[in-house]
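Q: No gaps in the numbering here: position 112 of the sequence shown is 112 in our numbering, and each next residue is one more.
It should be emphasised that the hints constitute simulated quantities derived from the structure, not laboratory data. Computed from a prediction, not measured in an experiment: that's the story for all the values here. One thing to keep in mind: the hints can contain errors.
To be verified - Pairwise CB distance ranges, derived in the manner of DEER restraints:
(1) Gln268 / Ala431: 48 to 54 Å
(2) Thr305 / Glu179: 43 to 49 Å
(3) Asp381 / Glu179: 54 to 60 Å
(4) Ala206 / Pro21: 45 to 51 Å
(5) Gln268 / Asp359: 34 to 40 Å
(6) Arg173 / Arg51: 36 to 42 Å
(7) Asp368 / Gln416: 30 to 36 Å
(8) Ala431 / Glu367: 48 to 54 Å
(9) Gln62 / Leu444: 54 to 60 Å
(10) Gly246 / Thr305: 26 to 32 Å
(11) Gly170 / Asp359: 58 to 64 Å
Using N, Cα and C, we set each Cβ at its ideal position, and we do this for glycine too.
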Amino acid sequence: MSSNSPTGVSPDPIVAIATAPGRGAVGIVRASGADLSALIQALCGRPLVPRQATLLPFAGQQGETLDRGLAIHFPAPHSYTGEDVLELQAHGGPVLLQLLLARCLQSQPGLRLAEPGEFTQRAFLNDKLDLAQAEAVADLIDASTEAAARSAALSLSGEFSNTVHQLAQGMVRLRMLVEATLDFPEEEIDFLEKADARGQLNALEAGVLATLGKARQGALLREGLQVVIAGQPNVGKSSLLNALAGAELAIVTPIAGTTRDRVSQTIQIEGVPLHVVDTAGIRQDPGAADEVERIGMQRSWQAITGADAVLFLHDLSRQGRPDYDAGELHIAQELARCVAAGVPVLQLYNKADMLEGRDLPDEAQAEDAIVMSAQTGQGLDTLRQALLAAAGWQTAPEGLFMARARHVRALQQTLQHVQQAQAHAAQRDGALDLLAEELRLAHLALCSITGEFSNEDLLGEIFSRFCIGK
Numbered sequence: 001m002s003s004n005s006p007t008g009v010s011p012d013p014i015v016a017i018a019t020a021p022g023r024g025a026v027g028i029v030r031a032s033g034a035d036l037s038a039l040i041q042a043l044c045g046r047p048l049v050p051r052q053a054t055l056l057p058f059a060g061q062q063g064e065t066l067d068r069g070l071a072i073h074f075p076a077p078h079s080y081t082g083e084d085v086l087e088l089q090a091h092g093g094p095v096l097l098q099l100l101l102a103r104c105l106q107s108q109p110g111l112r113l114a115e116p117g118e119f120t121q122r123a124f125l126n127d128k129l130d131l132a133q134a135e136a137v138a139d140l141i142d143a144s145t146e147a148a149a150r151s152a153a154l155s156l157s158g159e160f161s162n163t164v165h166q167l168a169q170g171m172v173r174l175r176m177l178v179e180a181t182l183d184f185p186e187e188e189i190d191f192l193e194k195a196d197a198r199g200q201l202n203a204l205e206a207g208v209l210a211t212l213g214k215a216r217q218g219a220l221l222r223e224g225l226q227v228v229i230a231g232q233p234n235v236g237k238s239s240l241l242n243a244l245a246g247a248e249l250a251i252v253t254p255i256a257g258t259t260r261d262r263v264s265q266t267i268q269i270e271g272v273p274l275h276v277v278d279t280a281g282i283r284q285d286p287g288a289a290d291e292v293e294r295i296g297m298q299r300s301w302q303a304i305t306g307a308d309a310v311l312f313l314h315d316l317s318r319q320g321r322p323d324y325d326a327g328e329l330h331i332a333q334e335l336a337r338c339v340a341a342g343v344p345v346l347q348l349y350n351k352a353d354m355l356e357g358r359d360l361p362d363e364a365q366a367e368d369a370i371v372m373s374a375q376t377g378q379g380l381d382t383l384r385q386a387l388l389a390a391a392g393w394q395t396a397p398e399g400l401f402m403a404r405a406r407h408v409r410a411l412q413q414t415l416q417h418v419q420q421a422q423a424h425a426a427q428r429d430g431a432l433d434l435l436a437e438e439l440r441l442a443h444l445a446l447c448s449i450t451g452e453f454s455n456e457d458l459l460g461e462i463f464s465r466f467c468i469g470k
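Take the sequences, apply the hints, and build the full model.
A: Set out below in structure tokens:
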């Protein structure tokens, strides 16, 4: 992105097709800049009443009519970007929209195509949105579940930002007291007691902890959970994927090794997206498999090492057979070696419908074992709740906002600095300057969420992930 202004964004007027590629009933071409009067005159033939949709012909370069549609002019600063904005709502044919776009580029000096996220970036730089709200625009567009869409809408409305601002205000008040007292070192102890610095720090810690809990939930709504089904051939992995998805996604046969490659499907449980991966069956002796199946097993282990949760699927109908039990032991040992620390491995005992009156083996009666049948649906509800618990999900409270991994990291850093500040405040002979520094670092980490303290590299990374025209 060119950079000719102090804010790091080009002052050039920009234009883009703002609707998704392909045919549609309506398509929108959007322009933004300091002064769009030349563009409005060229396309519409006359000035437009601000914020009023006007039905008129869109003129081509030779005066011909390209289309007849609605034109809306949003004068600065009362627009999405804070600049002059023109929206042309035409019929949604791809060729027509490209003609309108080309006509716009011919009509306004300096007008250029917008880069990804540049409209929203200008809204941020012109103080129409803070950074958390700007990110929520993309999250709302990308939301894969109803709960994610509602949470993104709350973030866009400022719910998350308001919470961060309230914490920041409390931090600023405490910083002012601490830094003012630095000039009077003999009063340090009196300050700690009379200003109730510890009480204020405790309140800040509680607020950050509560916000961090919500942010983790919001990040889970956005990112989802990568769940990998692992086990020996023919234990029912594909049947389990189909049962969770409610559709025949993977081929199921009694033949061991039917699944040769990963099969993925995104499902949702209570609004939380789960990216479930069915992998090729893992044999204890890879030499017993053909070349294609060996590659499939390698990919199975690759998926397992990147999982957020692993479902280790056992076959109750084969428990007790020496070759099968040896295979189970081999997989258990490999999982212990390959699965990242902290990643839960759920023990699932499948084919309960085939026990035919036999007792469950001891391991299937363990407290954390889930006895199930992918064919009949037995145990699926228990599995769904266990997956949510493994993800750290709690029943979504009202007012849950969307958050990103970046926000969670910033809140974790804030919490660490607040806790360090508490440790300094607890020492009656502690240095007040160390307390002030920890509060300053906590404040910086917190404000990075809304973009009050951000570098241009961070902004470029965030807005480059937006779609063109937004």
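Q: Against this structure, judge whether each hint is valid.
A: Hints and how they fare:
no.: 1; hint: Gln268 / Ala431: 48 to 54 Å; verdict: 51 Å, holds
no.: 2; hint: Thr305 / Glu179: 43 to 49 Å; verdict: 48 Å, holds
no.: 3; hint: Asp381 / Glu179: 54 to 60 Å; verdict: 55 Å, holds
no.: 4; hint: Ala206 / Pro21: 45 to 51 Å; verdict: 48 Å, holds
no.: 5; hint: Gln268 / Asp359: 34 to 40 Å; verdict: 36 Å, holds
no.: 6; hint: Arg173 / Arg51: 36 to 42 Å; verdict: 40 Å, holds
no.: 7; hint: Asp368 / Gln416: 30 to 36 Å; verdict: 32 Å, holds
no.: 8; hint: Ala431 / Glu367: 48 to 54 Å; verdict: 50 Å, holds
no.: 9; hint: Gln62 / Leu444: 54 to 60 Å; verdict: 57 Å, holds
no.: 10; hint: Gly246 / Thr305: 26 to 32 Å; verdict: 28 Å, holds
no.: 11; hint: Gly170 / Asp359: 58 to 64 Å; verdict: 59 Å, holds
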